[in-house]
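**Q** Single-letter residue listing:
There are 4 protein chains.
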Amino acid sequence: MIVVMNKKSGEKEIADIVKRIEAAGLQAHLSEGVERTVIGVVGVSPMFQDLRESLALMPGVEEVVRIGKPYKLSSREFQPEDTVIKIGNVSIGGNEVVVMAGPCAVETEDQAISTARAVKAAGASVLRGGAFKPSTSPYSFRGLGEEGLKILASAKEETGLPLVTEVLTPADVQLVVQYADILQVGARNMQNFILLDEVGKTQKPVLLKRGMSATLEEWLLAVEYVLSEGNRQVILCERGIRTFETYTRNTLDISAIPSIQKLSHLPIIADPSHGTGRRELVAPLALAAVAAGANGLLIEVHPTPDTALKDGAQSLDFEQFERLMAQLAPVAASVGRRVAGKGG
Amino acid sequence: MIVVMNKKSGEKEIADIVKRIEAAGLQAHLSEGVERTVIGVVGVSPMFQDLRESLALMPGVEEVVRIGKPYKLSSREFQPEDTVIKIGNVSIGGNEVVVMAGPCAVETEDQAISTARAVKAAGASVLRGGAFKPSTSPYSFRGLGEEGLKILASAKEETGLPLVTEVLTPADVQLVVQYADILQVGARNMQNFILLDEVGKTQKPVLLKRGMSATLEEWLLAVEYVLSEGNRQVILCERGIRTFETYTRNTLDISAIPSIQKLSHLPIIADPSHGTGRRELVAPLALAAVAAGANGLLIEVHPTPDTALKDGAQSLDFEQFERLMAQLAPVAASVGRRVAGKGG
Amino acid sequence: MIVVMNKKSGEKEIADIVKRIEAAGLQAHLSEGVERTVIGVVGVSPMFQDLRESLALMPGVEEVVRIGKPYKLSSREFQPEDTVIKIGNVSIGGNEVVVMAGPCAVETEDQAISTARAVKAAGASVLRGGAFKPSTSPYSFRGLGEEGLKILASAKEETGLPLVTEVLTPADVQLVVQYADILQVGARNMQNFILLDEVGKTQKPVLLKRGMSATLEEWLLAVEYVLSEGNRQVILCERGIRTFETYTRNTLDISAIPSIQKLSHLPIIADPSHGTGRRELVAPLALAAVAAGANGLLIEVHPTPDTALKDGAQSLDFEQFERLMAQLAPVAASVGRRVAGKGG
Amino acid sequence: MIVVMNKKSGEKEIADIVKRIEAAGLQAHLSEGVERTVIGVVGVSPMFQDLRESLALMPGVEEVVRIGKPYKLSSREFQPEDTVIKIGNVSIGGNEVVVMAGPCAVETEDQAISTARAVKAAGASVLRGGAFKPSTSPYSFRGLGEEGLKILASAKEETGLPLVTEVLTPADVQLVVQYADILQVGARNMQNFILLDEVGKTQKPVLLKRGMSATLEEWLLAVEYVLSEGNRQVILCERGIRTFETYTRNTLDISAIPSIQKLSHLPIIADPSHGTGRRELVAPLALAAVAAGANGLLIEVHPTPDTALKDGAQSLDFEQFERLMAQLAPVAASVGRRVAGKGG
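Chains as they are written, first to last, in numbering that gives the first Met the number 0: chain A, 0 to 343; chain B, 0 to 343; chain C, 0 to 343; chain D, 0 to 343.
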């Protein structure tokens, strides 16, 4: 942190700043320039952010500049090499593009199993499906709960695909852990810090979606909650941010993919289903995400999207999904990747 | 809901739409115009939103238009007269402007009690203070927990002010209910639906902050979670939305105040401390909120903001708060209101 | 500007930075800390912004921090005392709240003159009205052009009110200058730099609206175009920014009012008509703006808003405007201001 | 347009609506449902948008719903087949991916010609370069003006590449037309309607960038200005929108590419240089845009980006551009496209 004094600031003001810094258990390092004095702050404090904001308001201060990044364990500086997460035969974060597909919400055993079979046949290597669903309205479908988890377990057994499913609240973590291979934390819960603590205490990989209005930095700080509890297996998932544009449900921020890969060693995948909210945009955005370097995709597939209980408008049917998988292989190859689970 | 067919759509497409509507247990009502056919959808279904999105993607459909509002119990249509919530001697939602003030986070008994006394003396009628704090970084201060609640209980006993304090997670609701007069649900938890369910099951008034990127409609749907559990005492709190502007921490949406009052019968207050993130903007925005019709204010006050563990940059000191209260009275009077607890 | 090197940067990288800074005609000032080296950049260069971005990408650089503000003539530092702009008997930027009112677009002489009379009677002190109208669609009404200016001239003569009217393009500046007392530059033209140059060359006060997605800094830089051409009379006008919320047409950023007053010496007014796009929100937001310290208001008034050719939905009729003016006086008084032109 | 009455509306209110519609020269078409009356509005009026807003505020109205799209000539409905624009040997809008590359701003003849040669050698088929530059600050470089155009003419002659260059203001259109093969209208001028009128009167193809906060609909309405003047050759260019995220300069909205291709018959290209503002993100986003179906790319290239007068931070050097072109070919092939000008 660097405190930049304004041109008119005097000795008294500088002394007050130094006193305030030292009161926080840190050291002040003065550098007097021609035009103004600059004060470096050295040391570590848990209240850094708040100290920074306070200093910014003290008399004589022009600006306070943070140096370095507030997240640590998730940063490239902390770990230069990529984290690769293994789930059964699948590796996320390496050279493969991992496709996770399935219904938004589990409705019936038939729906879940037929979808699991279809996505496996088309080349998906992880099954997605929701038993606990966040819903904007209390009057909408909120998922089958534990019954849904049991259905997903059958679908998993039937196909051998590992399962990613959402956990909504801390009290459910122990239950969901028994069924899931990857615990999903949704966009609305990205800053549900108690939930992050809880999934951080498990040994399961966590798929953490970006919050609707979260900056990359806030997202990596949310990741930090999980990592600092001891769970180092986090997969980030870009799912669209909220902007002024209403034609798409969200704006899928493709630039977040290479940005996160620069800032962090953790894998990042994209969810073009929620990211666009429109079925016809899922395939082009899936291809774009892979071309930009995504480590995987999360895709909603439903036997009959028109009658889906949830998010039918953004779900692909089996044929559309198969077609997408066929298009995906050459795009992955064109950027030196391969789609996991396909062929050999 | 109205389904508008495009000009080229034919009988087959119209028949498919009608079939789909009836399959959802609803009735279709055709109106054939000169240029195009319009289909009204009559009836009630929990999956309305998803049906709407599905219909929009069916062949021959130009647009699907939702009629009416998706929230019910919170709407003015459901209840034309204002809801007034009584907490001890204080009434929120009537003619008085209720000021809730206190520290962002409880740090020590001294800090809490001295602040409580100061805000009471200056005319606040509710004490605010956080024991459980959401924090963007896991390395920042997260509050004193139950110890903080006990300190707040002393401050409340000392001053007689009722207490509003945040509950972060469903498992803490039973604990916080024992101390709080109003349960605060923060912006990051506005769509923590399980938490909304839980506070909805209590008999305590709930102060529900607007999510950082929540539309008015999403906010009222979150309110609906609480109301539909049987708790009809919800106070909305505008606390700033996220926009592209970075000079202020958030953009306090003053227009949300009269808008919510038009759409809903529930009281709405404003939080200019979080809404601006800058101490020098708190007073002008507080006055603006009251001039626009706010039923109250939530203000952060700290004995020595420069050394606060949390949000010092947006906290007022005692003198600044006293000055704000002095300015508030004539502004409230100028719009036909009075500040609660002041004078007789 | 301060260049912060990362912890691993070596002598070679530091030397390259210094060379780059000196190549731009500036001086580098090294300060070697315990953990890292910090390089101050001293001097002035027109390409500062681009140099900053370039330095940020050079090897070994952690961050480049801008010191100070990029705008000058408009800043409080440059001129501590408020600029007060006089137009006839009206002073903008002093203790009075100046209300500018009139139709969005001039339609007929009757409409313009009757509105001018009505707003004058209710206490407005400047007449607004558009002859050249920006319109999102080429198929909508684009204004009467010079004929509209002539009608406005009659309305001005009739009432004695000075006139503010929009100029859309550089080629029209000389024409509009003959009719207007204040030249309005609209939100869509805030970064029409050639137009800013042109109005900067005139001696007329300029009312510069904030662009729909302009930061405060970008806005003040746009002001700087006008000031640096020699015209020091600029009035800023907050008219709502674009956010994700769609209930209101824009989100009126009330916090911009005290923020601009802190950063700049120029007057700032608010336009709650465009800022909300909804007639019933105009009055509460107008009161809020004045309570927050606005130097004036820009309000759309129409004899029969329901049949207005443009922006009827956000226009007040005569009676509504009169009621607003009556509410305004006590609010202005409550913050130590008075409405210009009212009473004595 | 459909006017939906609320449940409590009576005959008087319905009659008023009908009268208002007829007063605007349109016909009202009543449909009385079980719960409420719906009124269809038939006919064409230039003031449709304003009528819609007015009706929405009339007593008894629940909602007014626009049917169909406000833009016409640019819509897929108006012209189902893709528009292909030919400039010399280059076709934009067909099966080829057209890469337009060159410096942000022309600085010297050497810089322009060496860059033109380098981008041609690497496979670009159009030269880009700015002589008139919009600049946020009046103190920054604003381009060489006509001298810059002359330099670009030499670079064009030298390489045979057609030229795209920006025109900033209506008065310059006749000048720029003499040098440019494609007239660029920048993001800040997307709603400079007078400029759109002017370029619409020329016979040159127009490259129209999306405004920083423009919706797809507003963008297509801006296109409509050009088309309705008789110039049917418009290329849209997605260049990033403004969001809350600050890590990237803008958020490149990749979903706009397939969306525009669905809504319109016109070609769309992407500008990942402005779209990201960060050199290291240009290549991944360029690949993403092509994978999503972009008809071309606009890329900033500079011999020595670190010393560029403008936008060096987002410019590629010759080697980086060559590498990008090498990566581009297989990605284009993977989605059934080829890069224009490469090979045969």
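By construction, these hints were calculated from the structure, which means they are not laboratory data. Careful: at least some of the hints might be erroneous.
Which copy? The list can't say, so a pair holds if one copy fits it or any two copies do.
[Claimed, not checked] Below 25 Å or equal to it, Euclidean Cα-Cα: the simulated PhoX-like pairs (lysine-lysine) are: (1) K6 <-> K149; (2) K11 <-> K203; (3) K261 <-> K18; (4) K7 <-> K71; (5) K119 <-> K6; (6) K7 <-> K85; (7) K203 <-> K71; (8) K7 <-> K68; (9) K200 <-> K7; (10) K6 <-> K68; (11) K6 <-> K71.
**Q** Each hint should be assessed against the structure and marked as holding or not.
**A** Now for the hints, and whether the structure bears them out:
1. In this assembly of identical chains, the alpha carbons of K6 and K149 never lie at most 25 Å apart, being 67 Å within a copy and 45 Å across copies at closest.
2. Taking the shortest alpha-carbon separations for K11 and K203, neither the intra-copy value of 54 Å nor the inter-copy value of 45 Å comes in at or below 25 Å.
3. For the identical chains of this complex, K261 and K18 are neighbours neither inside a copy (38 Å) nor across copies (27 Å), given an alpha-carbon limit of 25 Å.
4. In this assembly of identical chains, K7 and K71 lie within 25 Å of each other by CA distance solely across copies; the values are 16 Å between and 37 Å within a copy.
5. Taking the closest pair of Cα atoms, K119 and K6 never come within 25 Å of each other, the shortest separation being 66 Å inside a single copy and 40 Å across copies.
6. In the homo-oligomer, the alpha carbons of K7 and K85 never lie at most 25 Å apart, since the shortest distance is 58 Å inside one protomer and 32 Å across protomers.
7. Proximity of K203 and K71 under a CA criterion of 25 Å is satisfied intra-copy only: 21 Å inside one chain copy versus 40 Å between copies.
8. Taking identical chains as interchangeable, the C-alpha atoms of K7 and K68 lie at most 25 Å apart only when they sit on different chains, with a minimum of 15 Å there against 30 Å within one chain.
9. In this assembly of identical chains, the alpha carbons of K200 and K7 never lie at most 25 Å apart, being 51 Å within a copy and 33 Å across copies at closest.
10. Taking the shortest alpha-carbon separations for K6 and K68, only the inter-copy value of 13 Å comes in at or below 25 Å, while the best intra-copy value is 28 Å.
11. Taking the shortest Cα distances, K6 and K71 sit within 25 Å of each other only across copies (14 Å), while inside one copy they are farther apart (34 Å).
Violated hints, listed in ascending order, are 1, 2, 3, 5, 6 and 9; each of the other numbered hints is respected by the structure.
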